[in-house]
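A.B. asks: Each chain, letter by letter, is given below.
8 protein chains.
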Amino acid sequence: MADELHDAILRFRASNTNRFVFVHMGDLCCSGGYYAAAPANRIMARPTTLTGSIGVIMSTINIAELAGKIGLSDVTIASGGNKDLLNPLRPVDTNHVAILRRPVQQLYDRFVGIVAKGRNLPVETVRALADGRVFSAADALTNKLVDCIGHEADAMKELRKLADGDVRIYGYSDKNDIRSFLESALIFESADGIIGKLKAALAEESTPRAEYRAR
Amino acid sequence: MADELHDAILRFRASNTNRFVFVHMGDLCCSGGYYAAAPANRIMARPTTLTGSIGVIMSTINIAELAGKIGLSDVTIASGGNKDLLNPLRPVDTNHVAILRRPVQQLYDRFVGIVAKGRNLPVETVRALADGRVFSAADALTNKLVDCIGHEADAMKELRKLADGDVRIYGYSDKNDIRSFLESALIFESADGIIGKLKAALAEESTPRAEYRAR
Amino acid sequence: MADELHDAILRFRASNTNRFVFVHMGDLCCSGGYYAAAPANRIMARPTTLTGSIGVIMSTINIAELAGKIGLSDVTIASGGNKDLLNPLRPVDTNHVAILRRPVQQLYDRFVGIVAKGRNLPVETVRALADGRVFSAADALTNKLVDCIGHEADAMKELRKLADGDVRIYGYSDKNDIRSFLESALIFESADGIIGKLKAALAEESTPRAEYRAR
Amino acid sequence: MADELHDAILRFRASNTNRFVFVHMGDLCCSGGYYAAAPANRIMARPTTLTGSIGVIMSTINIAELAGKIGLSDVTIASGGNKDLLNPLRPVDTNHVAILRRPVQQLYDRFVGIVAKGRNLPVETVRALADGRVFSAADALTNKLVDCIGHEADAMKELRKLADGDVRIYGYSDKNDIRSFLESALIFESADGIIGKLKAALAEESTPRAEYRAR
Amino acid sequence: MADELHDAILRFRASNTNRFVFVHMGDLCCSGGYYAAAPANRIMARPTTLTGSIGVIMSTINIAELAGKIGLSDVTIASGGNKDLLNPLRPVDTNHVAILRRPVQQLYDRFVGIVAKGRNLPVETVRALADGRVFSAADALTNKLVDCIGHEADAMKELRKLADGDVRIYGYSDKNDIRSFLESALIFESADGIIGKLKAALAEESTPRAEYRAR
Amino acid sequence: MADELHDAILRFRASNTNRFVFVHMGDLCCSGGYYAAAPANRIMARPTTLTGSIGVIMSTINIAELAGKIGLSDVTIASGGNKDLLNPLRPVDTNHVAILRRPVQQLYDRFVGIVAKGRNLPVETVRALADGRVFSAADALTNKLVDCIGHEADAMKELRKLADGDVRIYGYSDKNDIRSFLESALIFESADGIIGKLKAALAEESTPRAEYRAR
Amino acid sequence: MADELHDAILRFRASNTNRFVFVHMGDLCCSGGYYAAAPANRIMARPTTLTGSIGVIMSTINIAELAGKIGLSDVTIASGGNKDLLNPLRPVDTNHVAILRRPVQQLYDRFVGIVAKGRNLPVETVRALADGRVFSAADALTNKLVDCIGHEADAMKELRKLADGDVRIYGYSDKNDIRSFLESALIFESADGIIGKLKAALAEESTPRAEYRAR
Amino acid sequence: MADELHDAILRFRASNTNRFVFVHMGDLCCSGGYYAAAPANRIMARPTTLTGSIGVIMSTINIAELAGKIGLSDVTIASGGNKDLLNPLRPVDTNHVAILRRPVQQLYDRFVGIVAKGRNLPVETVRALADGRVFSAADALTNKLVDCIGHEADAMKELRKLADGDVRIYGYSDKNDIRSFLESALIFESADGIIGKLKAALAEESTPRAEYRAR
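Chains as they are written, first to last, in numbering that gives the first Met the number 0: chain A, 0 to 214; chain B, 0 to 214; chain C, 0 to 214; chain D, 0 to 214; chain E, 0 to 214; chain F, 0 to 214; chain G, 0 to 214; chain H, 0 to 214.
The shape of chain A in the complex, shown without the other chains (with noise of 0.2 Å):
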């Protein structure tokens, strides 16, 4: 989803060079919140603000101590030694992590790449900035990752001064809402600013995959 956001935003911008992005943030926008809005014109956190959580993780229960004790075991009959990925009634498999830790890996590159472009910092800085830590809005200004800080008042100020005209509001509700908008912005060609209130309602499935998440 947030991937989906992130390259819905950057269409968006591309669209037209006299579209923009402006992102206010609300009181938790980490993790895929921040991955999406990593590619907006300018950022503006609020007074309060937590941000960051900049990395991927995935995570499961493995329960086999506990099948061990009150004797319940698995019986799985597999064509190959890693179809039974991460099996929560067995020990954990050194492989099964190393297997999932690749892809954890190669998502957290591109994490840390779209962050380097969007917030025009080199690599290395946000490489230090991504290890999953949260900030305040005070440090995440003083490391760059949002440009000002402020309330909505302030954002809707300064948006009208940036878009230079009438800013129309849309109302929208969760995140199907916003990439519906988004999309039809891209058809239509008609607004000139928006503001992203974007939460990181990332679906929640059985299967272990990676995530942008805030614990």
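These are computed hints drawn from the structure, not numbers from a lab.
Mixed in with the good hints there might be a few duds.
[Said to hold, decoys possible] Stretches of chain B that chain C covers, calculated by requiring three or more beta carbons in the stretch to come under 8 Å of a beta carbon on chain C:
hint	segment
1	64–71
2	126–133
[To be verified] Chain E is faced by these chain D residues, among others (derived, beta-carbon under 8 Å):
hint	residue
3	Leu49
4	Met57
5	Thr59
Even glycine gets a Cβ: it sits at the ideal position worked out from N, Cα and C.
Knowing the structure of chain A, use the given hints to seat chains B, C, D, E, F, G and H on it.
C.D. replies: This is chains B, C, D, E, F, G and H only, laid out in the frame that chain A set:
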């Protein structure tokens, strides 16, 4: 939420010099409730009000020991040492605590500053009161956290005198109501006096974040 | 709530000298119920009424020992030593108890004063009765906490005699009803006698706060 | 409730000398049921009725020992030693028991007096019967707690003879019905004979209070 | 209930000498079912009927030992030693058992008398059968507890012969139906023969009371 | 239920000599199902039918030991030693077992007699088969418990030949349907052949009673 | 159910020589599913079908040891040693197992015979395959349990060729549908080719009975 | 399901040479999802796609040890040693595992062949990749499991170029929709290009069967 209300009240006052905000506290006006009330022109507590609890808190439950007892274990593959922030299934990592203590301290300093400015008190005076303790109405008055003590009828009488004319009473039932009321006030510039029954109905979220919370 | 009712009754009496308030107690009129009833002109108990329980109480459950047994632990990052007031997962902090004992004592003194004034008794007499104990109707009469004992029909008869004319009976079903009734009475100035069946329906809240409570 | 019914029946009889109340007991007419029945002109038990259980009881569960075992503890800040009356999480306080024993004893004496007057028996005779025991119909008759034994048809026949005319039968389904029936009877003065199937449907409340209860 | 049905059947028979009651038992016609059937003119069992269980029983569960184990204790303040009858949280009091044994014995004697009279047997004969045991149809016939054995069609044929005319069949589905049927019969005096399929659907109540119960 | 069906089938056959009953068994036609089928003119099993289980059984669960472990005890006040028949909270009383074994044996003898007469076999032959065992279709045929084996279409063909004319098929869905069908047949005398798919849908009751039950 | 379907298919084929049955298996066509499919003219498996599991099984859970541990005991009064067949509360009786093993073996022999006849294989060949194992489509083809392998479109093409004309497709959703379809086919004699997607939706019953079941 | 989709896609391509199938993968397109996608003309992964997990798996839980601990035992009467396949209440039988390993291996070989043919890769190359591991988009591209990487807008652009005309977009929400879409396509022959968002929504069944599953 508290910070947004606080900002809206500040802008309301700033928009017209003969407007002011009069806060009449309920039985419990602590932490975020006091945060929002601080910029009011005048604060009246009830005789039975508890207020204070000035400070910031984050908390979560760690179940690493329980998981060990019953035989659950966490399998996490993360791109950085802090991505897995305060993972409840692992022993508490002191780096994680340090990362979160920083924004807690910054938000605390902001809270103290807001109270000092709103109540026109020296920062050091506020800091001495702001260790999280609660105050009775009488002690809050002694410490200048409120201006006076009275019932709703007293508040109404004093408001009529101050507003020097007809006071309009608006009914609003929750935090969203008061916010839209204040925002509409910014636009229509018609009300000359309001009573804010601020209720610190802070949104509950599962991720640890800074709160101005009365336990 | 009890303090608001108490204040409304005081204002009702003050608004017109030939108005008065007659309280007929139910089977249980303790603590906050008695608090609200105290300023009435006359109080009649039923022969089977339990009243009293004059005092203030705050209570919560501490589960630190339980948490230790099952392997849960609290992770709290707070800006001050008292922000984490009576955290149920940590051993009880004696400073926290002292902070809360202070408003309990102040509210208790207010309660004693209200009873002394309402019942026209010396403060020391009230203080001796106000250790939280409950009284039967007979003992309450002996101690002057009520004026007389009787059934609803007796109350009606006595009220007719005092009001010296036509008594209007209002039906009201809960604490909000009686309050709006008393408030409307303040405005329309039409009722000459009321029977208040005060029910101490105190709102339940999860935060510890002072209550006038019969266990 | 039992005391209110008792009072309503007394007033019904007092309102007109050629009215009377005839009670026909069900299979169980104990405690509060007998309390309300006592002032009737005549009481008929069924051959299978259990009656008696004259007395007053309060009871609650103390869980102090259980709480200690599982690691819960009570944190109570109260203004007086008896405000925390019979706190279930603390060992039973003998002062608390003494405070409650007093109204139990007073209500018991009132109950004994009501039976003595209603049944025209010496107080000492009633006191000897009123240790809480239950009586069969036969033993209740021997002890003059009832006047006769019979089925509903016998009750109807005897009532017709006493009322000396047309008996109207009212259907009512619960305690509220019988009460409103008796109250309307007080006002319209039209019924000359009633059969009260008194059901001791005592309201359940969580606070300990005196009850006339058959276990 | 059983005693009421029994009385209604007696009155039905007494109201007109050429009326009689014919009972056709179901698969289980024990205890209260037999109590109600006893006054019939004629009783036919099915070949597969179980009957008997003549006697009276009261029972409850005592949890004093369980409460001790888990740390619950009872706090009871009662006006007399027997008010707290068979308190399940306290060890069984032998006085309480003696108090209840008395009505059990009296109701038992009444039951035995009803069977002796209804079946025209010596009281001592009935007493020997009435130790609570159940009887097959054959043994019930041998012991004269029933008059004959047959199926419903046999019952119908015998009834036609006895009623000497047209038999009306009434459908009724539960204990209330049969009772109102018998009561209407008392008033309208129109039915000349009935088949009572008596079902001992005794009401379940939480208070211990005497029952004519087949376990 | 089984005995009633059995009786209805007997009467159906007796009502007209050119009527007969043809039973086509389902996959399970045991115990009470066989009891009802026994008087048929002809019984056809399916190739996959299980039948037999001829006998009578009563069973209940005794929890005396469990009650002792957890600290529950029974308080029973009964008028005779057998009123408390097979009380699950007390150790099994051998007298109680003997009382119940008697009707079990009598019902068993009746069952054996019904099979012997219905299938025209010596009683001793039936008794040897009637130890409760189940039989496959083939073994049931060998032992003359059924007359032939076939599918529903075979049954229909054979019935047409026997009934020598037009066979009316009635749809019926449960035990009540078949019973009312047979009863109406008794009255209207119109059907010349029926197929009874007897389902031993025996009513479940909590009191121990004799059953013809396949475990 | 499986045996009924099997019989209906046999009769369908027998009713008209230019009719035939073409089975196209789903992903799982085992045990009872194969039983019903065996008499088809032609059987096509999918490439991913599992089939086989030829055999008969009865199973239940015995809880005698559990009952002993928690203190439950069975009280059974039965007329014969085998009436209490496989009582789950008592240790397994080897006679009971022997009684049930006999019909299991007989039904197994019938199953083997049906497959041998339907697939035109020697009985001994079938018996060797019929130890309950499952087969992939390929192994089933090698062992002649199916005739060919293909997808639904292949089945349709082959059917059109065989039926030599217009094939009508009937939609049916469960076991009852297919049965009524086959039965109506017997009567109206109109369909010349059908595809049977046999689903072994065997009814679940609590009594142990022979099943053709894939675990 | 996956095999059916795979077959439908093959037939769709075969039905008209200027038709082709373009797959755009979602975040997770593993196992059965990849199986169905393999025959497409062209496969585009998202930058964040996880794919692979090529292989077959069957699994169930064995509770023999748990059953032994709590005192449950299995009573199974079966016609052959393998009828009771992987009975969860008995220790795992190695013959049973061998029986199931065979179709797992055969289905695996089929899966490998499908991938080799669909992607035009040597079988041995596929076999080396098909040990069940997952691949990131980048690694899948390196290993030729996909043809390119891009977002939905890229897929649309490429499709327009390939289809050389107007592309109709169909909305479909689940596996049934896509199947009926493909089937209707087979019949009406009107669409020239489709995008298949294949979701491996494999049906959950309680019987062990081969699955192409990503854990």
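A.B. asks: Next step is simple, just say for each hint if it's right about the structure.
C.D. replies: Hint-by-hint comparison with the structure:
no., hint, verdict
1, 64–71, "holds (count 5)"
2, 126–133, "holds (count 5)"
3, Leu49, "holds, 6 Å"
4, Met57, "holds, 5 Å"
5, Thr59, "holds, 5 Å"
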